[in-house]
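Asks: Sequences are here, hints too, so could you generate the full structure?
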Amino acid sequence: MKLPLATETHYEKRIRESLFYSQIGQHSGIAVPVCYAAAGEGQGMLVLEDLSSCHFGDESRGCSRLEAEAVVDTLACLHSRWWDDPRLSEFEWLPRYGNLLSQLDKIPQRRDAFFALYQNVLQPESQELALQLGRQHQSVLEQLHQVPETLLHTDAHLDNLAFREAEGKVKAILFDWQNVSRGPAVVDLALFLVSASTQSTGWEQTSLITRYHRALLDQGVRNYPYEKFYADFRRALLRWWIGTVNGFGSPAAQNWTGRQAELAQQTVLHWNTVIRDYQLKELLAD
1 MKLPLATETH YEKRIRESLF YSQIGQHSGI AVPVCYAAAG EGQGMLVLED
51 LSSCHFGDES RGCSRLEAEA VVDTLACLHS RWWDDPRLSE FEWLPRYGNL
101 LSQLDKIPQR RDAFFALYQN VLQPESQELA LQLGRQHQSV LEQLHQVPET
151 LLHTDAHLDN LAFREAEGKV KAILFDWQNV SRGPAVVDLA LFLVSASTQS
201 TGWEQTSLIT RYHRALLDQG VRNYPYEKFY ADFRRALLRW WIGTVNGFGS
251 PAAQNWTGRQ AELAQQTVLH WNTVIRDYQL KELLAD
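In full-length UniProt numbering, the protein residues as written are 1 to 286.
If you are wondering where the hints come from, they were derived from the structure by calculation, not from laboratory data.
Just so you know, not all the hints are guaranteed correct.
Said to hold, decoys possible - Straight-line C-alpha distance at most 27 Å; calculated DSS-like pairs for lysine-lysine:
hint, residue 1, residue 2
1, K228, K281
2, K106, K281
3, K106, K13
Stated by the list, open to error - Pairwise CB distance ranges, derived in the manner of DEER restraints:
hint, residue 1, residue 2, range
4, L66, T273, 21 to 29 Å
5, R276, R214, 37 to 45 Å
6, Q136, K228, 18 to 26 Å
7, E128, Q265, 30 to 38 Å
8, R164, D105, 37 to 45 Å
9, D218, Q143, 21 to 29 Å
10, R65, L101, 36 to 44 Å
11, P251, Y36, 35 to 43 Å
12, Y36, A166, 33 to 41 Å
13, Y36, Q138, 41 to 49 Å
By construction, the Cβ of each residue, glycine as well, lies at the ideal position given by its N, Cα and C atoms.
Replies: See below:
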């Protein structure tokens, strides 16, 4: 059972999650926890399926290649099913992914604290990218929204995933839908691959990226060539880097301890590789 939390922000998200389960969940096209009761407006209470028989994802440990493939297939199924679907605009409670200007405006306020917290793992190229980012790059990131919207989980990292094996196959189950929104599909893919590859070994991302794109096309998505898709994927990574600087440099982050603090250090260390491999600095020159 999930009960509403005290703060206004968490309360709004819990209401959104309740509405997701009551209005979309069973029609989402993917495996989500069975919802036995969802009280929406004014309450935000959920009674969900017990997933204790599943294997839960863990960002601090990574995942196997089969698990990563299962998640990529699940995201492609979700996104293709809701691709440019007019019903998305009918859900008045479902926000658009973005608030880009607010995120860009936060960067100058948060990056000094971010640099101080992660100076031991942050490489010069990553620090320079954070220093360069500002409101002037709004147009670069707004190109993400030139593709049709779809339904987004918006928080598709390993800690929000469970895995169930059946008949020799691995099925991924997405839970914690408090941040559900509508927007560009690559947002979910980018976050998952960054979170999953922080500690994972034995698989590389390129094959998963092409697998996802091929699955979109196989399931009916049209007019989204690989070149455009891959450019959007890189922009989505840049968007998540902005979110990482702002979130990990927030006042709350300065009080993180234990697993949360350790995972943040590991994540920033991994971002150095992401920024270099996907040449994110070059996006600012476009």
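Asks: Indicate, hint by hint, whether the structure satisfies it.
Replies: Verification of the hints:
no., hint, verdict
1, K228 <-> K281, "holds, 18 Å"
2, K106 <-> K281, "holds, 19 Å"
3, K106 <-> K13, "holds, 21 Å"
4, L66 <-> T273: 21 to 29 Å, "holds, 23 Å"
5, R276 <-> R214: 37 to 45 Å, "violated, 26 Å"
6, Q136 <-> K228: 18 to 26 Å, "holds, 24 Å"
7, E128 <-> Q265: 30 to 38 Å, "violated, 20 Å"
8, R164 <-> D105: 37 to 45 Å, "holds, 42 Å"
9, D218 <-> Q143: 21 to 29 Å, "holds, 25 Å"
10, R65 <-> L101: 36 to 44 Å, "holds, 38 Å"
11, P251 <-> Y36: 35 to 43 Å, "holds, 38 Å"
12, Y36 <-> A166: 33 to 41 Å, "violated, 22 Å"
13, Y36 <-> Q138: 41 to 49 Å, "holds, 43 Å"
The structure fails to meet hints 5, 7, 12 from the earlier list, while all remaining hints are met.
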